[in-house]
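Each chain, letter by letter, is given below.
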Amino acid sequence: MLSDKLNQLLQSLSGFLPEVSLAALFVVLIIVDLIFYNKEQKPTVYIALAGLVFVGVLTYQQWNQLPSPISLFLGMIVVDKTAILFKGIFLVAAVLTLLLSLHNHKESDERSYLKSGEYVSLLVAITLGLHLMAMAANLLMIYLSVELVSISSYILATFKHNKKGSEGGLKYLLFGAMSSGIMLYGMSLLYGFTGTLSLSLQEGTTFITELLAVHSLPVLLAVFLTVGGLLFKIAAAPFHIWAPDVYESAPTPVVAFFSVAPKAAGFAVLLRFLLSTWLLYPDQIGSEHFSPIRAILIAIAILTLIVGNFSALWQKNAKRMLAYSSIAHAGFMLAGLLAVNELGWQSVLFYLVVYLFMNFAAFLLIDAIYQQRQTEEIEDYKGLGIQNQFLGVAFLIVMIALTGLPPTAGFTAKLFIFSALWQDYQSTGDNLVLLLFVVGLFNVVVALFYYLRIPYYMFFRSGKELNTINLGMYTVLLLVFLIVAVFLFFFKADWLMNIITAASIN
Amino acid sequence: MTQYLLSLLIFIPLAASVFILFIPEEKTTYFKFITLSVNLIQLLLAMVVYLHFNPALTGVSNPDSFQFVERTDWISLQLGSLGKLSIDYYVGVDGLSILLVLLSAIVLVIGAISSWNIQTKHKGYFSLYLLLSSTIIGCFVALDFFLFYLFFEFMLLPMYFLIGIWGGIRREYAAIKFFLYTLVGSIFILIVMIGLYISVIDPVETAIEMGLASERSQVTSVLVKQVQQGLATGGISSTNELVHTFDVVAMMDAANYIPGSFLHKASDVLLFGISPSLVAFLCIFIGFAVKLPVVPLHTWLPDAHVEAPTPISVLLAGILLKIGGYGFIRIAYSIFPEGALHYAWLVALLGVISIVYGACNALASHDLKRMIAYSSVSHMGFVLLGLASLTAEGISGAIFQLFSHGILSALLFLIVGVLYDRTHDKQIENYRGLASKMPVYTSVVIIAFFASLGLPGFSGFIGELFTLIGAFKSNYIAKWMAIIGMLGLVLGAAYFLWTLQRMFFGKFWTQGGESWQVQLTDLDGREKLMLVSLAILGVVFGIFPFLLFEPMAQSVGYFVDFVQQAKDINFDTQLVK
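Heads up: the sequence lines are chains G and X, in that order.
The opening residue of the first sequence carries number -16 in this note's numbering; numbering runs sequentially from there.
The opening residue of the second sequence carries number 63 in this note's numbering; numbering runs sequentially from there.
I should point out that these hints are in silico values taken from the structure, not numbers from a laboratory.
Treat the hints with care, as some may be off.
[Stated by the list, open to error] In silico DSBU-like cross-links for lysine-lysine, where the CA-CA straight-line distance does not exceed 35 angstroms:
#1 G/LYS143 x G/LYS154
#2 X/LYS183 x G/LYS475
#3 G/LYS146 x G/LYS64
#4 X/LYS569 x G/LYS475
#5 X/LYS287 x G/LYS447
#6 X/LYS629 x G/LYS365
#7 G/LYS365 x X/LYS183
[Stated by the list, open to error] Every beta carbon over 12 angstroms from chain X, so not counted as near; a handful from chain G, in silico:
#8 MET170
#9 LEU379
#10 GLN406
Note that the Cβ used here is the ideal one computed from N, Cα and C, for glycine as well.
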């Protein structure tokens, strides 16, 4: 019996290669950092980059070789194509974060921490945690992976080593610890109701059938406590308060990573927890038992959209504005998830990929300006677009993409989300969905207002003739790559969408 | 040879707009000549399209009778459980759009000449101008809703910057107001677009997907009927075989709607107490009403016009407003004819309100440009009145009015530009007796004003006359509306003649005294070229209206019948046979 289990665990390792490699990479980075202790130039960043690319190759192989979803480690994790796609998103995000950290116009001490061994190895550790989140099919596994991500994040958030950074990091830690506790409480209740921690349906539908036997009120409570922790990760209102402070104070490459990767992982877990268990499918479980879950989540999505967008309107700091905008984007993705149909969560995946590129481009631009002008205030962007037209046009494109106007992939992503909502409204006739649809669409106009403020200052106002901004070849190339992706996913949306469709055939 | 004409019309300016970015900023004359020559090529190509256009083919809802059609697959993907989605690069013209393509090309050339005295940031200006030239034509020829929406939205951005950077004192306010108004409008359009493509299939692509044929050309009308039959009776079992489409022409055929979808003509769902397709009509109507503009959604227009530089005002009034009118015809009326019939009274009422309200505001304006902007609102009211009448006279009148107003408003805004260039002042009461000082200018102004107020012999007269005839003949709108519409003509005469009298006649006097006296010189060669050629066009189309009526006659007749057929749609019974 025991040897059977041991055998199974050993066999599982083969399906777990990317994660094993990530763990190994983490160890290697720490050792390298020790060896090169006190040295000026450390190779850690390059080792990390090479390692991540290697993991990427392994993940790609996994994608190609996976005939059907497999369950590993006694049902703790499930490897399916959706999870692999998510892993791809995390890896790209991690690589881009390192590339962002590398771009350093002046060799100043201020940003030297971005090349330190701790920084790089923590990033790898988070990536490992995110991988586990995407595959977790067990409540305990979800909790563990979320914690791995969270704890590394708290440290990364404070990496600026100044007062503001510590303040942001502490806020993050306090809110994060609180929400983890709440989530754990919810999970323990769920365990109490069902007697199982496993969410996967392969071993019969125990989880959901057990839940159906309990009165709906305690179940709703437990589900909400659990989901609350995840909503904290994706920064949905009212669990968003940490985001602006952390975004403003943490190093920009880290913020870019935070705004995309943990959010994507949060959605991966939400997908698994809400959709794979059929919690949101009254037709599948033959009962309206859990329909309040969806209603309340829709209310949360609407709240998130409104809070995110309207708060962003008043922001003067570019990074803070993007923080609120990222809350609003979480609202859009949540809307896609709540459409509860195939197109819905496919569109969430599409949105995430597009958002990855748009957001990294935005943060790269903010960072590039910061390095030369030492400012992140939108008003200080006056006249920059005219001084440096490439910078201005790039910023404009990224802002248009974030708003969701054609011809950028931001538009396509929103189009899919709203199509999914329409399809759902057509089949259920639920007026809440209609409300979400309309609120979402008109939020695009609100979003336009604040996103356009950056190009507005850049082009319409003339600034002081300071030393001109020189982006440098490295930044320009990175920007061009990101922007081309944003256009490509509009003009050939089918390329990305077909990959996502392939991922959804389980 | 004429195969790729429409694509060339779209992509030559687009390519030029990118090309310009690589020329150093100092070479300002290069920018001007490249832009002008690209616009001239556009005009040439548009003339070729116009001359090769076969007026006997109807177009509208009949995909086979569109001309200069180009169609290639652009995006096709699997949409979850909905089935497939196909977005095509699909362009073509018919009698409803051909004139607007021609108009755009003419006005774009005039705008390019008028851009000659742009003072700053030439590279950005001309690049954006060319981008705009590309998207405008794209809007008029696109037959795929996605493509149309792309061009429609993408027009906003260049416009925003052209007003916001090169405009007058309150340019920033005007630019953002323009952008927000139009974006709100286009959100309404987007809502319907999403609903439509989820509800509508392309029978041809579906037939291919079902394995009944291997390419478009093999799909016969019999096969199409078979697919539509299968759709109606539930004969297509798997939704995976359904190919959703953005094809505007397919959206006009009630047989292409998936049973049970919201926008199906026989849908029994009610939204806000009315049928979803009527709601959709209203949404589309609001979207394009912002653009046209229709009172009370017009408030962005006077601001945008007053602040925009002259060439941009010319484009705005001459072409961009027309996209609103075109959108009504091509999308709102053709896809939701039942809405057109049901809300004819509303459209006509808004038209009448626009006519009178616009005219009254024009009468009260002190700023010459604002007066002309409001006269545009008033003139666009006639378009609505003509459309609402749903008679061949009314619709042809509306399209004619779109064309004629495009020429005349371009002329009027250039006239203001002439004055503004010289004195930087466009207050009506600051000038008197200009006729003695600027005789050539005054004679052009007289022609423009008389043409605009609808004097027989000029193009403005024909458009307004036909819309009014239509309105009187119509069974859908009350006679009093047509009568009030005629009142608009009187008001129009009043504000134009009064302005003429105040500014041009009497003893020469100006607010600016001596310095203005020196500045107020008569037209130079470039201005004469623009103003005189537009004035000639205004007269030519007034005397030979068949030049415009002939290409559109068949299409308009077909269009009217097509919309009228919707009378037979009883909202309770299935239309599928």
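These are the hints, each one checked on the structure:
| no. | hint | verdict |
| --- | --- | --- |
| 1 | G/LYS143 x G/LYS154 | holds, 15 angstroms |
| 2 | X/LYS183 x G/LYS475 | holds, 34 angstroms |
| 3 | G/LYS146 x G/LYS64 | violated, 43 angstroms |
| 4 | X/LYS569 x G/LYS475 | violated, 66 angstroms |
| 5 | X/LYS287 x G/LYS447 | violated, 67 angstroms |
| 6 | X/LYS629 x G/LYS365 | violated, 58 angstroms |
| 7 | G/LYS365 x X/LYS183 | holds, 16 angstroms |
| 8 | MET170 | holds, 30 angstroms |
| 9 | LEU379 | violated, 8 angstroms |
| 10 | GLN406 | violated, 6 angstroms |
Hints 3, 4, 5, 6, 9, 10, counting from the list given before, are not met by this structure.
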